Each structure stands twice: as structure tokens, then as C-alpha cells.
Amino acid sequence: MTTIMAYDEALDRFEPVLGLETHVELGTESKMFCGCKTTFGAPPNTQVCPTCLALPGSLPTANAMAIESTIRIGLALNCSIAEWCRFARKNYFYPDMPKNYQISQYDEPLCFDGYLDIEVDGKPVRIEIERVHLEEDTGKSTHMGGATGRIHGADYSIVDYNRAGIPLVEIVTKPIPGTDRLAPEVAKAYVTELREIMRSLGVSDVRMEEGSLRCDVNVSLMPRGSSEWGTRTETKNVNSLRSVERSVRSEIERQAAVLADGGRIVQETRHFHEDTGTTTSGRSKEEAQDYRYFPEPDLVPIAPDRAWVAELKAALPELPSVKRKRLRAEWGLSELDMEAMHNADAIDLVEATVAAGAPAADARKWWMGELARRANESGSALADLPITPAQIARVTELVASGALNDKLAREVLEGVLAGEGTPDEVVEKRGLQIVNDEGELSAIVDQVIAGNADAADKVRSGKIAAAGALVGGVMKASRGKADAARARELILEKLGVSE
Amino acid sequence: MSLIHKTAAELGALIAGRQVSAVEVAEAHLDRMAEAEPKVHAFLHVDRETTLDQARVVDDRLKAGERLGPLAGVPIAHKDIFATRDMPTTAASKILEGWRPPYDATVTRRLREAGLVILGKTNLDEFAMGSSTENSAYGVTRNPWDLTRVPGGSSGGSSAAVAAYEAPLSTGTDTGGSIRQPAAVTGIVGMKPTYGGSSRYGLIAFASSLDTPGPFARNVLDAALLQEAFSGHDPLDSTSIDAPVPSVVEAAREGDVAGMRIGVVKEFGGEGYQPGVLARFHEVVQLLESLGAKVVEVSCPSFATALPAYYLIAPSECSSNLARFDAMRYGLRVGDDGTRSAEEVMALTRAAGFGPEVKRRIMLGTYALSSGYYDAYYGQAQKVRTVISREFEAAYHQVDVLVSPTTPTTAFPIGERADDPMAMYLADLCTIPSNLAGNAAISVPCGLADEDGLPVGLQIMAPVLGDDRCYRVGAAVEKALESRWGGPLLKEAPAL
Amino acid sequence: MSAITRDEVAHLARLSRLALTDDELDHYATQLGAIIESVAKVAEVAAEDVPPSSHALPLTNVFRADEVRPSLTPEQALSGAPAVEDDRFRVPRILGEEA
Chain A
0 MTTIMAYDEA LDRFEPVLGL ETHVELGTES KMFCGCKTTF GAPPNTQVCP
50 TCLALPGSLP TANAMAIEST IRIGLALNCS IAEWCRFARK NYFYPDMPKN
100 YQISQYDEPL CFDGYLDIEV DGKPVRIEIE RVHLEEDTGK STHMGGATGR
150 IHGADYSIVD YNRAGIPLVE IVTKPIPGTD RLAPEVAKAY VTELREIMRS
200 LGVSDVRMEE GSLRCDVNVS LMPRGSSEWG TRTETKNVNS LRSVERSVRS
250 EIERQAAVLA DGGRIVQETR HFHEDTGTTT SGRSKEEAQD YRYFPEPDLV
300 PIAPDRAWVA ELKAALPELP SVKRKRLRAE WGLSELDMEA MHNADAIDLV
350 EATVAAGAPA ADARKWWMGE LARRANESGS ALADLPITPA QIARVTELVA
400 SGALNDKLAR EVLEGVLAGE GTPDEVVEKR GLQIVNDEGE LSAIVDQVIA
450 GNADAADKVR SGKIAAAGAL VGGVMKASRG KADAARAREL ILEKLGVSE
Chain B
0 MSLIHKTAAE LGALIAGRQV SAVEVAEAHL DRMAEAEPKV HAFLHVDRET
50 TLDQARVVDD RLKAGERLGP LAGVPIAHKD IFATRDMPTT AASKILEGWR
100 PPYDATVTRR LREAGLVILG KTNLDEFAMG SSTENSAYGV TRNPWDLTRV
150 PGGSSGGSSA AVAAYEAPLS TGTDTGGSIR QPAAVTGIVG MKPTYGGSSR
200 YGLIAFASSL DTPGPFARNV LDAALLQEAF SGHDPLDSTS IDAPVPSVVE
250 AAREGDVAGM RIGVVKEFGG EGYQPGVLAR FHEVVQLLES LGAKVVEVSC
300 PSFATALPAY YLIAPSECSS NLARFDAMRY GLRVGDDGTR SAEEVMALTR
350 AAGFGPEVKR RIMLGTYALS SGYYDAYYGQ AQKVRTVISR EFEAAYHQVD
400 VLVSPTTPTT AFPIGERADD PMAMYLADLC TIPSNLAGNA AISVPCGLAD
450 EDGLPVGLQI MAPVLGDDRC YRVGAAVEKA LESRWGGPLL KEAPAL
Chain C
0 MSAITRDEVA HLARLSRLAL TDDELDHYAT QLGAIIESVA KVAEVAAEDV
50 PPSSHALPLT NVFRADEVRP SLTPEQALSG APAVEDDRFR VPRILGEEA
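Chains as they are written, first to last, in numbering that gives the first Met the number 0: chain A, 0 to 498; chain B, 0 to 495; chain C, 0 to 98.
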């Protein structure tokens, strides 16, 4: 049984040092070293060829787009781009790796020495990037027999090589000291920012749940006042942003308990379990692997043309953090509002809605209010709701013109989400136009005043606040289609008072 | 003259002119194989019907008026290291017994497209590791000149098949001399093209930065025709050169050395060289001078270190290249009794499936790449490789081609070096430098050694993409010697 | 004394996934020892300032356009497999990390 120390106590006694290795599967059409498709979820062994199955005699050919994407990632992370570098073979036997070596990069990464600035709790944190290199993914094993799906105790495994050879970019940070109590949040904020950069570059769909973004988290502790870093553990394949945060926290708590007990941290690979929120020991690295890296003789060196690199740099999209600053200023929002939108993945949606003609405040109101609520109810991402920013913009336009009020607008959204068509079609089909006919509205107002003599008297005697009940009555009587503002004017006018 | 004694160029012309059918030519060679194979054992896989089917297709295409290349309908034997869709491909290893590739190597594909008819797959040292073809898991191949001797290696099945008139042409691969050395000891022509001049796609890799497909033939022009037919840029091989192929056929037809500068490599000779080999070599150097070439001696002192550098680089690459033979996706699987782990099954399979020389090289390469040894062994060997390339470059400033004996000795007796790897490795002493530098080099027959009456080869080396120079000089030597001998050297070979 | 010990050979055999018998280990220790002594001659070439050559020729930047090419059919892909289950390669149990 793993003992842990409470987080606050752990942080009173120890300082954490983080390190993150993030793998991003590039969204290229074809694999890294062959022309097979990269579609996720295809039937087993339908996207394989002699090269990615490592049939005797096959050879790799490097995907130009993957090289370009890696360089763009490096540039976005403020890296230097190698003038000349090579692929290297990383040699180790494993059944899901067809060649029993992985084509990767060793001491000559494509991109190196960069940084990424993030903000945590309103404070800027600079994460130094050690390297960004390109490699290939492995196949996928399914373990059969024994305890369900676990490798230990399995009788045998079955392997699908569709994923083998998909381009994988590895982004490695330098050790990150000084995060103190915010270590888990820093880790999460870094991965979140990285994910947004990948999205803005359009190089990957970065879906953690499909494994196209995977994270290994290194944590070590040193006693407060010490300057000597402790032994680190590497927690593998942390598969959600929340898990990044939780795994750091849990590993800090575990290591602190071991150290406080006079124990030693073993340099090892650990695995994070979503269900318990804790890590368990994986393969010990005590028998050190000897990967026998050497330059890949089947591929020639890469020497990116400097002018081309400069072009790629000039053509980088605005980075997400810069864009957030700009939009916050343009939209006149508070930092808190902006952060809430960021956390809800709403910024791009709001931006697109504004671009489609909606005022920023309205766009934000709909996405962060009604739509966020509905996304939450259905357990889907905001962006996956079946409604477009242009449709939201149209709804705001209808409200602004007085054709809809908020209540009707919500009904329109409901109709669009239910697949009833465009906002205009929903308005039409459900008959949601506001009552604009002055005569009809006047008649309703008269009727409501007559039926609410008490309230009417109060208003007449100067208690204007009582008009609210009458407006409510009008809305009810019109089944929400009345223009509330105009109804109020009419009520006051008929009762002979003014504001 | 019977069909099997004709040159490939002659056969191609006869078939194109419909004076003889591709089927008749194939049948003549299949019959010869039936007669010679019990003695020579050059082939691992033969399938008479598949061969005749291919020949019929060529005849039909010609009948339909299609214009095919100069070798259409000519039979060819492929070293069993090139992937062929319709035949097993084993690299002479137990670990690949019965494996049928779902694809063709670029070399085999291009030759099919050019209308060549495949007679079968030839024997080799397992995974091309060896110089005698004794390391095959499927029995030794014998030298047609003397059945107690080796045909060279690793492409010994391909050299023996051509020397025994079983095939007019064959393919081989040359990593440290595996085409030139067998060609030399069987009295035929064998060419290692410039690295990157012929595609490695579909060639089962031994040492990726050295492996080079090349042709065997009984004369220089045939070798050039064959090289031309499979050469050229291949987008499936990233190390393939995207440049025009040198006009080797034209050079082979011209065969004129007047005014050429020829360098004799000083370091290749003396101790360890058979006197009869050196005697023939010196005669041919004089011959070149008499043909109008300017001969000078050139020193390349680091060539002495080429052999140790090679025996670090090639095993290092092979230790990684052969890791894929792991019993998981294809090939042999040993010891899978339901209790053993994948790791144990891999180790048992590889122990059972690889022969001793392959295991030696895998372990040697693993050692040379290990942390702590990398710099002293693999790293240093790569630097030596640079030094050797620079010495070649300097030499080619002075001369157009370099010459040496192809091998220090003639064919050695079967079994003589089988248990002595170091002695075996010496067979490639003169051929290895060209592999390290990626240069072109050819071996052409230059006579018989006095002491054993066995063939001696002349090696002609040229810079990267200087393949045409090899053919030019080779053809000149061939023309002069054949007029002196009154025909090709092979007519001196005893009947089988 | 050989350039390589029996234990080192055993380690190499393990790294190379070769199940060797004790007799084989002894045999290879002797042979590899002799070979390693011989190839150690590469140290005799003064090459401190010489760049290493990993390739035969100095080519650079050979890439393939990001275009899909046909894959094998699953039947072709699995045709050489020692064991197959559910269109996947069936392999013995994997001694590996807990996942």
C-alpha cells in the first residue's frame, strides 16, 4: 500500500522539480516513412505496408510535411532549427515495434533550445524547451486472457500495426524548478498551452483521449533549502489535462512520504491510474537500457534551407497566448472572464462568432452561458455542439433587431441544436416572432391591467417597481412573444405615470 | 553454338528478331540447370512452369509488336536476397524459410518490366555475410572450375550459375566485395555500381550504407546492359542518387583506354597475395600501358585499415537491420509453447534461425554500438571511412581509375576457412575500400593462376558515378585478352 | 586474456535476443575476442579532427510528398504471420511494463 503525505505538508518540506515529455501525433495524410493512411480507428492491419510492417527489404522515405510541421512547432516554441541533423535508430526489442528499432533522433534534434511562456494564477512562468524531435509511433497490442486487458498475467497478445509509423513529435522541457506549490497547475497549463499551439498551427488534432497527445511527467523532490535535485520518476502516458495535474500532485505526495520516511526514490517508470488518481511502479530502469543509437543509414541527413525556415517563421499564425491578450483588449473583458473562456475552449468560437458579426459581449454570453450549459448536459465539447458561430451571430442579430427576445432566442438555439434547421427556419417553424403588432400588444396590456387591479393601483400611486408584475403578465399572456420593453412603456403610459 | 553459350546481347537480339523464342531460350537454360545443379547447387528456388510462363508472356508481347528492351526474353537468376512476389525469398537463412514477399524489389520489378525471365533464386552466404557461400543454411555452392572449391561469396550462387552456363545473367549484391570477389574466382564479370546508383528497395538489408545491387555476366557488355536495365533513381530508396545513369553500355562498346590515366594501388600486393594472382595482375597492367594508358603507382595508406573499419560498420548496421527477424510478424517461430514470453520466443527463434556467422556479426555489431564502446569502435570506424574516401578523392585527382587484383588468392577449397572467420574476411581485402567510399568498381577476368589454374580477377575502381570508366577499361582489357586467348577465359573451364 | 569476457558475450547475446548455450558462449567469446583485437586497429588511424561518415555519399534533404499510397490488404499483411487472431498478429505474452 502506498503511503502518501498530505500535499500541503509535502510542499512545506520539499520543493518539486518538473520535467515534461510530450508526444504529439502529427495529422499528416500519410505515415512518417511510408504512404499508408493515418486514419484513427481503421480496422486492424488495413493501414500497413512492407515498410511499416518491417518486411525484409523494405526502406523508409521521410514525409516532407512531417518535417515541415516539426520545424513549425519548433519555431512556435522559440527553438533554434538545426542546420544539419540526422535520424537515428533507437534499438530495443518490443513486439509492437516492427523493426525492433525506432527511427528517432538522438543527439541531433531538428529543433532545440526554445521556451514557452505561460501564465499560472496570473503569474508568468517560462518553460524552457530542451528539444523538439521527430520519430515514429509503435503498433498497438491488446492483451488477451488473464486479468482483463492487463499485460501482466495475460496469456498472449494480439498486435495491430495501423498506428506503427505515424509521425510523432516529441517535445522535451528542460527541468522546471521553482514552481513550488503550483507545480501541478504549471504542468497542466503547459500542456494546455502546447495543445493550443498545436491546434493553431494545424499540425495535429491533439486529442488526448485518442492518444494523439500523450504526456510523460517527470517529478523529483528536494528538501527545502537544498539545491541538489532528487531522483526523478517518469509517469507515463498521462491521458488527460486533468490527469497531468493529478499525477504531479499524487507523485509529490508519494515521494514526500517515501523521503520523509528515510526512503530512497527509485528512478523508474510509473503509470498513472485515472480511477484512483495515483501512480504505480512500472518497469524499473535499474537495469539501464542500452539503446545503441546510431545514425539511420537508410535516410539521408536533413539540412533545412535557412530561407525556407525564415519563411515558415514569418508565416506562423498568431500564437494562442498572444491572441488571447489581443482579444481580451479588443473585447474589453476581464482577465477572469478570459481565463474562463480559455478553460472552456470557447475563445475560438467566440472569435468566429464575432467575425460573423456579433458583438463580443453577446457572443461570449451565449457560448459561456446557454451553450456551455447544454454542452455540459450532453457531455460534449463546446466545439462539437451542432451549431455554428455564424448561427449564433444570426441569433444575436435577431435579438438586436427586436425580432427575438432572450427567451425566444434560447428556444431558437434549442431548435437549432435539435436539428430543426437554421435560426431563421426555427423561428419560422416554431412561430417564435416577437409580437410587433401595436394593436395586439395594446389589447393584451389592457387585459392584463384589468385582471391585476392591485398591481395597477400600486403603479398609479407611484410604485413603479410594481410594473414588473404587469410586464410578466403580458409576457405570459403573449407566451413570451411580446417585446417586454415596449410592453412596459405601454403599461406606464396607460396608467399615466412616467419614470 | 548452343543457346546457353550465347551472350545476353546475342540472345536479346535473336529473341527481338523472333529468330528464337524466349521460351526456347528459357528451356535451354532450364535443361542446363537440370544437368548442372546436382553438381554446382547454385539455385535455392527453381520453378520451371513459372519461368516458362514469363517467357511466354514476353513472346506474346513481341508477337503483338511491342518494342521491349535489349534484354527482353533473356533469362536471369536473382540472388535470393531480392524480394520476388512469385517466389520464396530467404536470404539463405532458416529464419526466412518459405517466406513469400507480398512485393517485388525495385531491381526485380524493373527487370521484369524490361522482359527478363527469372530462372530462379540463387544461393548465398546467409544474409550476404560471407565470402564463400558456405554460410548458407541450404548447402554449399560449388565452383564450376573445381567442384571442391568455393564460388566466392556472398553472391556465390549467382557467380556459379553464370560461370556454369546455367544463366547468361544474374544479380548480386556487393557490401564488401560480394559481387566482385565471386566474379573473380569464377572467371566472370561482376560489377559493384556506385552506391545509390541501383536501388536497395526490396533487397534484404545486411549493411544499409554499403549494400549495392549489381550485375554478373560472362562479358563486360552484358554486365553493362544488365546494369543499365535496373539502374536509375528510385524514390523508394532515400539513398538513391537522383542523377542520370552514366552511359555504361556505350562505354562497354567503346572499350578504349588510350590516354587514360590508370593508378596501381601500391598497398594491394606483397605478403598474403598468391604469386599467380600477382603475376596475372602485373601482366594486365603492362597490357593497359601497351593499349595507350598512362600507368602510375598511387599510395592509399589507410586502405590497410579499411578491413577493420568495415568489420565494425557492417556488423553494427546488421545488428540493427536483422533485429526485425523476431518471430512476431513473419518467418520462423520456435519455442512458442503457450508459456514462454515473447522475449524468450524471440531469443530461441533467433538462436535456431541464424547461423554462426550471422550471430557473430550481430553480437560484434551490438558490442561496437554499446555505450562505452561506440566512440572507440563504430565512431572511429566512421572516421576511418572519411579518411579512406579522402584518399580515393586525392587519388582520382591524379588518375581516372585505380586497379588492383580483385582478391588476394584464387578460389579456396571448401571448408578451408569455414572455421576461421579472420582468414575468411581477408578475401575482401581489396574490394572493401570501394564500398566504404561508395565508389564504382568492377572485376573482369585476367587469366589463370599458374599454381592452380584457377581464374584471377582484375579490379578496376572509379569515383562515384564513374561506372562508365569501369566498363570502358574492363572492355578494353577483355578485348585485348580474349584476342590473346582466342576466346573467353571460361572456355578453359573443365566440363562439369 | 581475451578482449571480451564470457559474461560480456552473455550480455551481448541478451541484448541481441540470441539464446546461446554455455558452450556457444565460450566459443563466441574466443572468436569475438580475436575479431575485436583485430578491428581495434582502426584506432591506429589519426582521425581526431576528421568528421565521421555515416553514409557512403553526402546526400541531404530527400523527402517524400505527404501522399497516401495503397496499403497491403490484411490478408497480404498477415500472410507470413506465424499466428493470427482477429486480423491481428498473435504473439506470445509480452513481459513488459504494467500499462
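Because the hints were derived from the structure by calculation, they are not lab data.
Do not take every clue at face value.
What the hints assert, rightly or not - One side only, chain B facing chain C, incomplete, derived with CB under 8 angstroms: (1) 318; (2) 328; (3) 437.
To be verified - Between beta-carbon pairs, the in silico distance windows are: (4) A:375 <-> C:72: 57 to 65 angstroms; (5) B:282 <-> C:72: 35 to 43 angstroms; (6) A:307 <-> B:278: 52 to 60 angstroms; (7) C:67 <-> B:351: 49 to 57 angstroms; (8) A:176 <-> B:351: 48 to 56 angstroms; (9) C:67 <-> A:141: 20 to 28 angstroms; (10) A:141 <-> C:22: 52 to 60 angstroms; (11) C:6 <-> B:422: 43 to 51 angstroms; (12) A:313 <-> B:295: 37 to 45 angstroms.
None of the values given here were measured: they were computed from a predicted structure.
All C-beta atoms in this analysis are idealised placements derived from N, C-alpha and C, irrespective of residue type, glycine included.
Quick rundown of the hints versus the structure:
1. The interface hint given for residue 318 of chain B is met, as the beta carbon of that residue sits about 7 angstroms from the closest beta carbon of chain C, less than 8 angstroms.
2. Because the smallest distance between the Cβ of residue 328 of chain B and any Cβ of chain C comes to about 6 angstroms, under 8 angstroms, the interface hint for this residue holds.
3. Evaluation of the residue 437 of chain B hint against chain C yields a held restraint, the C-beta minimum of about 3 angstroms falling below 8 angstroms.
4. Distance hint for residue 375 of chain A and residue 72 of chain C: a CB-CB separation of about 44 angstroms, inconsistent with the stated range 57 to 65 angstroms.
5. The beta-carbon spacing between residue 282 of chain B and residue 72 of chain C, approximately 59 angstroms, falls outside the hinted interval of 35 to 43 angstroms.
6. For the pair residue 307 of chain A and residue 278 of chain B, the supplied restraint of 52 to 60 angstroms holds, since their beta-carbon distance comes to about 59 angstroms.
7. For residue 67 of chain C paired with residue 351 of chain B, a C-beta distance near 39 angstroms fails the hint of 49 to 57 angstroms.
8. Against the hinted window of 48 to 56 angstroms, the Cβ-Cβ separation of residue 176 of chain A and residue 351 of chain B comes to about 52 angstroms, which satisfies the hint.
9. For residue 67 of chain C and residue 141 of chain A, the hinted distance range of 20 to 28 angstroms is satisfied, since their beta carbons lie about 26 angstroms from each other.
10. In this structure the supplied range 52 to 60 angstroms is violated for residue 141 of chain A paired with residue 22 of chain C, their Cβ-Cβ distance being about 40 angstroms.
11. Look at residue 6 of chain C against residue 422 of chain B: about 28 angstroms separates their beta carbons, and that is not inside 43 to 51 angstroms.
12. Under the hint 37 to 45 angstroms, the C-beta atoms of residue 313 of chain A and residue 295 of chain B, about 56 angstroms apart, miss the expected range.
Comparing the model with each earlier hint shows violations of hints 4, 5, 7, 10, 11 and 12; every other hint is respected.
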